[in-house]
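Colleague: On the provided structure of chain A, position chain B as indicated by the hints.
Protein chains in written order, with our numbering: chain A, 8 to 148; chain B, 622 to 777.
Keep in mind that the hints were calculated from the coordinates and are not lab data. Using N, Cα and C, we set each Cβ at its ideal position, and we do this for glycine too. Take the hints with a grain of salt, since some may be wrong.
[Said to hold, decoys possible] Stretches of chain B that chain A covers, calculated by requiring three or more beta carbons in the stretch to come under 8 Å of a beta carbon on chain A:
(1) 654-667
(2) 713-722
[As the list claims (entries may be wrong)] Within a straight-line C-alpha distance of at most 30 Å, the following computed DSS-like cross-link-like pairs (lysine-lysine) qualify:
(3) B/Lys696 to A/Lys106
(4) A/Lys34 to B/Lys772
(5) B/Lys676 to B/Lys696
(6) B/Lys696 to A/Lys34
(7) A/Lys59 to A/Lys34
(8) B/Lys676 to B/Lys772
(9) B/Lys636 to B/Lys696
(10) B/Lys772 to B/Lys750
(11) B/Lys676 to B/Lys636
(12) A/Lys34 to B/Lys676
(13) A/Lys59 to A/Lys106
(14) B/Lys772 to B/Lys636
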Amino acid sequence: MGDYVQSDFGGGSITEWVSPPPTPTHKTEGLTQGEWYRLFTGPELTMHNRLKAYINDMSYDFSSFLPGHAILDTPATALGREDASYRDLMRDVFEIFDKSTNPPGISCASPRVAFAMQVQIALGLISSQARSDEILLGLPL
Amino acid sequence: MFLSSNDVPSGGASKTTTSIANRYTATNTSSGTAVTVDLTALESLSGSLTANTLKEMVNITGAAGKLPICAVLTKNATARTIRLQVTIDGTYIINLVSSSISASGYAVIAAGTTGSSSVLMDGEPLSFKTSCKIEIASSLTESDNISLVYKRFSEA
Chain A
8 MGDYVQSDFG
18 GGSITEWVSP
28 PPTPTHKTEG
38 LTQGEWYRLF
48 TGPELTMHNR
58 LKAYINDMSY
68 DFSSFLPGHA
78 ILDTPATALG
88 REDASYRDLM
98 RDVFEIFDKS
108 TNPPGISCAS
118 PRVAFAMQVQ
128 IALGLISSQA
138 RSDEILLGLP
148 L
Chain B
622 MFLSSNDVPS
632 GGASKTTTSI
642 ANRYTATNTS
652 SGTAVTVDLT
662 ALESLSGSLT
672 ANTLKEMVNI
682 TGAAGKLPIC
692 AVLTKNATAR
702 TIRLQVTIDG
712 TYIINLVSSS
722 ISASGYAVIA
732 AGTTGSSSVL
742 MDGEPLSFKT
752 SCKIEIASSL
762 TESDNISLVY
772 KRFSEA
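Next up, chain A with everything else stripped away, as it sits in the complex (with noise of 0.2 Å):
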């Protein structure tokens, strides 16, 4: 917590509050998407990049890499879109990390981040909420 500290100012004085935030330790904000694909595991990279080369094929079988593939095309209900079907928001989801622009870029405290996360976890992208909050820790400076 912070403090009034008064002091000379030219002549005068100033009184402001003082309360430094702490010295950041991880870009969370404003990063490229060059920047937050590195938050990824190679693996997790690789399911990524598959399932978003395939996403619109609607034959392609993803049993042999994806964990959740067997609820890919069903009503998002479990996160509360059950307009939607998981495949339809993993389209967002690449929409969101492929198509930002720089800047301002990605946040890693974007309420449409969080959820991209959800929906990772879901289909099995992202292994646990663990993970996920390690990977929203940001990028260490």
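Modeller: Frame of chain A; chain B shown alone:
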């Protein structure tokens, strides 16, 4: 170059900023701008705030100076509105109130501009001759979830 009656070609603080128009003042509905804090700027977490109540963060008296950066910034993604009020030489010159912001690192800006990688950099400064007060507020009762980002220097 044309000089108005308030312009002095050289010397110290000779002007008082009397008004500002930017994207935040124009509508008071801006959801802010994503920024990264310039490492040369001062940043101070708000401490405890009472919802919709201004907290005085900086109060300068008896001196002249300038603020090339002055902005209020969200530090987490909780939905809230944020407010920044600046008083120069005893007169309110700006009272920015955002629309609801649900992201971290978003600012409403009275002074400063954004550069590469959204860094909030020095802009056309707010100038004061005798006093300057900066106040901020959140629509929530909370602590240290918004901050004031500023840079100040005095002039004689």
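Colleague: Decide if the proposed pair is consistent with the structure: lysine 676 of chain B and lysine 772 of chain B, CA atoms, cutoff 30 Å inclusive.
Modeller: 18 Å, holds
Colleague: Check whether three or more residues of the region 713-722 of chain B sit with their beta carbon closer than 8 Å to a beta carbon of chain A.
Modeller: violated (count 0)
Colleague: Examine the region 654-667 of chain B for residues whose CB is less than 8 Å from any CB of chain A, and state whether their number is three or more.
Modeller: n = 8 at 8 Å, threshold three: holds.
Colleague: Taking 30 Å as the top limit, are the C-alpha atoms of lysine 59 of chain A and lysine 106 of chain A close enough?
Modeller: 13 Å, holds
Colleague: Does lysine 34 of chain A pair with lysine 676 of chain B here, judged by a C-alpha cut-off of 30 Å?
Modeller: 29 Å, holds
Colleague: For the pair we were handed, lysine 59 of chain A and lysine 34 of chain A, check the Cα-Cα distance against 30 Å.
Modeller: Distance ~26 Å between lysine 59 of chain A and lysine 34 of chain A Cα, so the pair holds.
Colleague: Does the structure keep lysine 772 of chain B and lysine 636 of chain B at a Cα separation of 30 Å or less?
Modeller: 18 Å, holds
Colleague: Within a Cα-Cα threshold of 30 Å, do lysine 34 of chain A and lysine 772 of chain B meet the stated pairing?
Modeller: 22 Å, holds
Colleague: Given the proposed pairing of lysine 772 of chain B with lysine 750 of chain B, does the C-alpha separation stay at or below 30 Å?
Modeller: 16 Å, holds
Colleague: Does the structure keep lysine 696 of chain B and lysine 34 of chain A at a Cα separation of 30 Å or less?
Modeller: 13 Å, holds
Colleague: Need the status of pair lysine 696 of chain B, lysine 106 of chain A: alpha-carbon distance at most 30 Å?
Modeller: 25 Å, holds
Colleague: Would you check the hint for lysine 636 of chain B and lysine 696 of chain B, treating anything up to 30 Å between C-alpha atoms as holding?
Modeller: Distance of about 33 Å is beyond 30 Å: violated.
When each numbered hint is compared with the structure, violations occur for hints 2 and 9.
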